[in-house]
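Top to bottom, those sequences are chains A and B.
Going by numbering that gives the first Met the number 0, 526 is the number at position 527 of the first sequence; the sequence numbering is gapless.
Going by numbering that gives the first Met the number 0, 242 is the number at position 243 of the second sequence; the sequence numbering is gapless.
Source of the hints: derived by calculation from the structure; they are not laboratory data.
Hints may be right or wrong, so weigh each one.
[Claimed, not checked] Quick list of simulated restraints, FRET-style, between CB atoms: (1) A:G353 / B:G101: 44 to 52 Å; (2) B:K16 / A:Q476: 54 to 62 Å; (3) A:E349 / B:V7: 29 to 37 Å.
[Claimed, not checked] As a list, the in silico EDC-like pairs of lysine to aspartate or glutamate whose alpha-carbon atoms are at most 20 Å apart: (4) B:K370 / A:E543; (5) A:K103 / B:D227; (6) A:K96 / A:E36; (7) B:K259 / A:D355; (8) A:K424 / B:D329; (9) B:K370 / A:E472; (10) A:K44 / A:D360; (11) B:K76 / B:E209.
Computed from a prediction, not measured in an experiment: that's the story for all the values here.
Each residue gets a CB set at the ideal place from its N, CA and C atoms; glycine is no exception.
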Amino acid sequence: MDKTQGKVHSIISNLVLVKVEGAVSQNEICFIALGQERLMAEVIKVVGDMAYVQVFESTRGLKPGMGVEFEQHMLEATLGPGLLSKNFDGLQNDLDKMSGVFLKRGEYTHPLETDKKWRFTPLAEPGMRVRAADWLGNVKENWLDHKIMVPFKWWGEYVVEWVAPEGEYTILDTVARLKDEGGKAYEVTMVQKWPVKMPIRAYVDKPRPFRQMETGVRVIDTMNPMLEGGTGFIPGPFGTGKTVLQHALARFADADVIIMAACGERANEVVEIFTEFPELQDPRTGRSLYERTTIIANTSNMPVAAREASVYTAMTIGEYYRAMGMKVLLLADSTSRWAQALREMSNRMEELPGQDAFPMDLSAIISNFYARAGMVYLNNGKTGSVTFIGTVSPAGGNLKEPVTESTKKVARCFYALSQARADSKRYPAIDTLESYSKYLEYPEFVRYAKEHISEDWIEAVNEARNRLVRGRETAEQIDILGDDGVPLDYHVVFWKSELIDFVILQQDAFDAVDGSTSMKRQQYMLKKVLDVARADFEFESFEEVNPYFKRIINGFKQMNYAEFESEPFRRHEAEVEQIINERKR
Amino acid sequence: MSTAFQKVYTKITQITKATCSLKAQGVGNDELALVDGRLAQVVKIWGEDVTLQVFSGTEGIPTNAEVTFLGKAPTLKVGEDLCGRFFNAFGEPIDGGPAIDGEEREIGGPSVNPVRRKQPSELIATGIAGIDLNNTLVSGQKIPFFADPDQPYNQVMANVALRAQTDRIILGGMGLTNDDYLYFKNLFDDAGVSDRIVSFVNTTEAPPVERLLVPDMALTAAEYFAVDRNEKVLVLLTDMTLYADALSIVSNRMDQIPSKDSMPGSLYSDLAKIYEKAVQFPTGGSITIIAVTTLSGGDITHAIPDNTGYITEGQLFLRKDAEIGKVIVDPFRSLSRLKQLVIGKRTRKDHAQVMNAAIRLYADAANARTKLENGFELTDYDRRTLEFAKDYSNELLAIDVNMDVEQMLNTAWTLFGRYFNRSELGIKEEIVNEFGKNIQ
Chain A
0 MDKTQGKVHS IISNLVLVKV EGAVSQNEIC FIALGQERLM AEVIKVVGDM
50 AYVQVFESTR GLKPGMGVEF EQHMLEATLG PGLLSKNFDG LQNDLDKMSG
100 VFLKRGEYTH PLETDKKWRF TPLAEPGMRV RAADWLGNVK ENWLDHKIMV
150 PFKWWGEYVV EWVAPEGEYT ILDTVARLKD EGGKAYEVTM VQKWPVKMPI
200 RAYVDKPRPF RQMETGVRVI DTMNPMLEGG TGFIPGPFGT GKTVLQHALA
250 RFADADVIIM AACGERANEV VEIFTEFPEL QDPRTGRSLY ERTTIIANTS
300 NMPVAAREAS VYTAMTIGEY YRAMGMKVLL LADSTSRWAQ ALREMSNRME
350 ELPGQDAFPM DLSAIISNFY ARAGMVYLNN GKTGSVTFIG TVSPAGGNLK
400 EPVTESTKKV ARCFYALSQA RADSKRYPAI DTLESYSKYL EYPEFVRYAK
450 EHISEDWIEA VNEARNRLVR GRETAEQIDI LGDDGVPLDY HVVFWKSELI
500 DFVILQQDAF DAVDGSTSMK RQQYMLKKVL DVARADFEFE SFEEVNPYFK
550 RIINGFKQMN YAEFESEPFR RHEAEVEQII NERKR
Chain B
0 MSTAFQKVYT KITQITKATC SLKAQGVGND ELALVDGRLA QVVKIWGEDV
50 TLQVFSGTEG IPTNAEVTFL GKAPTLKVGE DLCGRFFNAF GEPIDGGPAI
100 DGEEREIGGP SVNPVRRKQP SELIATGIAG IDLNNTLVSG QKIPFFADPD
150 QPYNQVMANV ALRAQTDRII LGGMGLTNDD YLYFKNLFDD AGVSDRIVSF
200 VNTTEAPPVE RLLVPDMALT AAEYFAVDRN EKVLVLLTDM TLYADALSIV
250 SNRMDQIPSK DSMPGSLYSD LAKIYEKAVQ FPTGGSITII AVTTLSGGDI
300 THAIPDNTGY ITEGQLFLRK DAEIGKVIVD PFRSLSRLKQ LVIGKRTRKD
350 HAQVMNAAIR LYADAANART KLENGFELTD YDRRTLEFAK DYSNELLAID
400 VNMDVEQMLN TAWTLFGRYF NRSELGIKEE IVNEFGKNIQ
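Start from the sequences, fold in the hints, and give me the full structure.
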C-alpha cells in the first residue's frame with residue numbers, strides 16, 4: 000500500500016494542519032519535507048481531510064504547501080540488546096550518534112548498533128509451542144541476561160521450527176524461525192518494535208506488589224517503603240531536593256535496570272548523570288552504574304512535543320526489560336513538564352480547558368500511565384517488575400494543583416518534600432508525617448517484612464512514626480508556652496523525636512558511606528535509636544536536655560558516617576553507650 | 000538586501016494592538032516582515048491568512064500599509080566589533096557608532112546536544128561570601144536574583160560582573176529605566192572594562208514587545224564568543240519579569256487561553272529556551288547566565304518566579320538585615336544547585352561542612368529570635384546563637400564583603416570558636432581536628 004501524502008495548510012508554532020489525500024490514522028507518524036530536512040510529527044486530531052499534527056521539531060521556515068508523507072505506524076520504540084548505557088532523546092534517537100555540538104533539526108539516529116555482534120545462546124528448542132514474550136534465547140548485555148523474545152506484536156501460538164546455534168550475531172540476523180497455526184513461517188531477529196503509547200501486556204498475571212524495593216534511602220526504606228512494581232511520586236517546590244533524591248534512588252536502588260526519563264528538566268542535571276554514573280560503582284555487582292542505566296533526555300529546551308513521547312518511550316523500554324524477568328526502576332523527572340506539554344498543545348488546538356488550562360482528560364492520561372507499572376508473572380512463572388517513581392513540580396508549591404491531585408489518586412507512595420525541612424537543611428527533605436506508603440498496610444508486605452527484616456519491624460516503624468508525631472506536638476506546645484512553661488518531660492519527648500529525625504530520617508546523599516544504607520543496617524540503627532527513645536533519663540532542669548541529646552545525636556551521626564560494623568563504627572557506638580549510661584535511670 | 004523580487008502586499012485584513020493579519024502566499028513560519036517600515040514577525044499561518052507580530056506596536060498602521068516579507072528569521076551580525084557597543088533589541092547600534100560588519104546569524108538557534116555538554120566545574124568567584132561561601136556559582140550555570148523592585152539587585156549584579164573572572168560580559172537589558180541604563184554604561188566605562196562588554200538594551204521608552212528579542216540577541220552574541228572564540232562569557236539579563244510580561248501581552252492579543260497569573264501556558268518552555276543556553280562547552284568556552292526576576296511583594300509562588308525557579312540552577316535572595324542595617328544574601332532561601340560541583344573540590348575540603356553548620360546555627364538563631372519576640376526566656380545556647388548570627392551576618396553575609404573563599408572559611412571557624420563547642424557544631428570529627436583545633 001502506498002503511503003498517504005499531504006500538504007501543509009496552516010502553522011501555529013509546532014501545531015501544523017495538513018491537508019491529506021487518503022487515509023490517516025490517529026497517532027500516525029508523518030514526516031514534513033522542509034528543503035533537505037524531514038521533520039517528524041504525530042497526528043493528534045483529524046477533521047475531514049485535515050490532519051492536525053504536532054511537530055517534534057522547530058517549525059521555523061515551514062511554509063504552506065510543503066509535502067508531508069504518512070508512515071502507517073504510530074510512534075514506536077526499537078527494542079533489542081544495546082539499550083543499556085545509552086543516552087536517547089524523547090524519540091529514542093541515540094544522542095551520541097548525532098553530529099555536532101548543536102542538535103540539528105531533522106537528524107534522526109538509530110537507537111541500537113546494527114553492526115555489533117552479540118553472543119547468542121538458544122533457550123528454546125524446535126517443536127516448543129511459544130507465544131508473545133516467550134524466551135527464545137539469551138545474550139549478555141553488559142552483565143545482564145538479555146532475553147530474545149517472541150515479538151510482543153505477534154498474537155496467538157507458534158511452534159518453534161529452528162533456533163540459531165550458539166554464536167555471534169548482529170541484531171538484524173535471524174536467530175529463530177516460528178510457524179503459526181496455518182503453517183506460515185516467521186523469522187525472529189534480536190530487535191522488535193512496539194508503539195510506545197500501548198502497554199505491553201504479554202504476561203500472565205499482575206498481582207499486588209509484596210517485595211520491598213530497597214533504595215538505600217532511610218526515610219523511604221524504613222518509614223515509607225517502596226515495593227517492587229510499586230508506584231510513588233515526589234511532589235515538591237523547587238529547591239527542596241527532588242532531583243538529588245531521584246539521583247540517589249538511581250544510584251542505590253536494588254534494581255537490575257534503571258531508566259531515567261529527564262522530561263523537560265535541566266540539561267546540566269542530565270550531564271551530571273552522563274558524567275558521574277560511568278564512574279560510580281553499583282554496590283551490589285561492583286560494575287559501573289552506567290551498565291544498568293538508560294537515559295531518556297528530553298531537556299526543557301528540547302522540542303516540547305517530544306517531552307510527552309519521552310515518558311512513554313521510557314515506560315516501553317521498562318516493560319521490555321520486565322518481560323525478561325528483571326526488576327526495573329523507572330524514574331521520571333518531572334511529570335509536570337509532560338502535563339504542561341499537553342497543555343500547550345491543547346491550548347493551540349483551542350480545546351475547552353479544564354482546571355488551570357490543563358486538558359480535561361489529564362487525570363485519565365496520568366492514571367493510565369501509572370497503571371503500566373507493576374510486578375507481573377511472566378508466561379514461564381518467573382516475575383518481573385517496573386517500579387515507577389515520578390516527580391511532580393507543583394506550580395507555586397501548591398499541592399492542590401491538577402497534576403499533583405491527579406497523581407495522588409493513582410500513586411501508592413507519596414513522598415512529600417517540605418520547604419521548611421529544606422530551609423533548615425534537613426535532607427532528604429521528605430516530611431515523614433505528611434508522606435505515606437500505602438504498602439505498609441498491605442498484608443502481603445507485613446508478612447514479607449516479618450520474614451525478611453525482623454519480626455517486630457512494622458511495630459518498630461509505627462512506634463518511630465508515633466514518636467515523631469508526639470515530638471511535633473510537644474514542639475508546638477513548647478513554642479506556645481515557652482521552654483520553662485512546660486513540664487521537663489516535654490523537652491525529653493521532643494528531643495527523642497529529634498534523635499529519630501537526625502539519625503534515621505536525615506541522610507547525607509553526597510557522603511560515600513551515609514549516602515546509602517542497607518536494610519540490615521537500617522534495622523540495626525532503628526532498634527538502637529528506639530532503645531534510647533524508650534529509656535528513662537534523669538535531668539535536673541530542661542536546660543540539660545538539649546546539650547545532652549545533641550551529644551547522643553552527634554555520636555550516632557559519626558556512626559552513620561562510618562562503615563557498618565567497622566572499628567570506628569564500634570568506637571562511636573561505645574561512646575554513645577557511655578553517654579546514655581550517664582543519665583539512664 | 001535585494002528587494003527587487005519581493006512582492007509588496009497592501010491589504011491588511013485585521014489589526015490588533017500588537018499584531019496585524021493579511022492574505023499572503025509562500026510565507027515561512029517565524030519569518031520577518033516589514034509593515035509600514037516597522038519590523039514584524041510571522042507568528043501564525045492559517046491557510047493564506049498570515050498573522051504578524053509588530054514589535055514596535057501597531058499605532059497608526061493603515062490597512063493599506065506596505066508589507067514585505069524578508070525571507071529570514073531575526074538575525075544578528077556577530078564579530079569582534081560587537082565589543083564595547085550598545086545595541087537596541089533589533090541589534091542596531093544606539094551609541095552613535097557605526098553599524099557592525101560581521102557574519103549574519105539567526106537568533107534563537109538550536110539547542111546544544113546534552114551529551115556534548117561538559118559538566119560545569121569552574122568556580123566563579125565574586126568575593127561576596129553570601130554567594131561564594133553559601134551559594135557558590137559555577138561557569139555554565141544559570142541563576143537569577145529574586146528581588147523586590149526596591150532592592151539593589153542591579154548594583155549587586157554589576158559588582159558580580161566586574162569581579163568575576165570572565166572573558167566577556169553580555170548585558171541584556173529589558174525594560175531598563177533610562178537611569179539604570181546609564182548606571183550600567185557609566186559603571187562599565189569607569190571600570191575601564193567596556194571593551195569586554197556588549198549590551199543589548201530595551202529601555203522603558205521603547206515598546207514592550209520589542210524586549211522579546213533581547214535575550215535571544217544577547218545569547219546569540221554569547222554563543223559567538225563562547226563557541227567561535229572559546230571564551231568564558233557571562234550574560235546578565237535584567238529584568239526577566241518584564242520579558243515575561245511582554246510574552247503575556249502577545250499571547251493575549253492572539254486570543255490564547257491564559258494559564259496561571261494570566262501568563263501563557265508555554266511560559267515554562269519560553270523561559271527554558273533562554274536559560275538553557277547556559278552551557279559549558281567541551282572546548283573550554285562557556286555561557287553563564289545571571290538574571291533578575293523582580294517579585295511583587297516577595298511572592299515567589301507567582302507564575303514567573305515559580306517557573307523560573309524550576310528552570311534555573313538555584314536562586315539568590317537579597318534581604319535587608321535590620322539587626323546590622325545592611326543588605327545580605329539570604330542564606331535560607333538562596334540556593335546554588337551546582338555548588339557541590341566545586342565546593343570541597345575547587346575549594347578547601349571543609350567548605351561543605353562549614354557552610355551547613357553555619358546555616359544550621361543561623362537557623363537556630365532565627366528560632367531563638369522568635370522565642371524572644373514571644374516573650375520567652377532564652378537558654379544560654381539561644382543567646383550564643385543570636386550573638387553568632389549577628390557576627391555571621393555582618394562579617395560574611397553582607398553584600399559589601401569582598402574576600403576569597405579561604406578567608407571566608409577561616410572567618411567562619413573563628414566565629415564557631417567564639418560561640419560554640421564541638422558537639423554543637425555537628426561537623427565530622429576529622430574536619431574539626433584539622434581546621435577547628437582550638438574548639439572545645
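Here is what the structure says about each hint:
no.: 1; hint: A:G353 / B:G101: 44 to 52 Å; verdict: holds (49 Å)
no.: 2; hint: B:K16 / A:Q476: 54 to 62 Å; verdict: holds (59 Å)
no.: 3; hint: A:E349 / B:V7: 29 to 37 Å; verdict: holds (32 Å)
no.: 4; hint: B:K370 / A:E543; verdict: holds (18 Å)
no.: 5; hint: A:K103 / B:D227; verdict: holds (18 Å)
no.: 6; hint: A:K96 / A:E36; verdict: holds (18 Å)
no.: 7; hint: B:K259 / A:D355; verdict: holds (6 Å)
no.: 8; hint: A:K424 / B:D329; verdict: holds (14 Å)
no.: 9; hint: B:K370 / A:E472; verdict: holds (17 Å)
no.: 10; hint: A:K44 / A:D360; verdict: holds (15 Å)
no.: 11; hint: B:K76 / B:E209; verdict: holds (18 Å)
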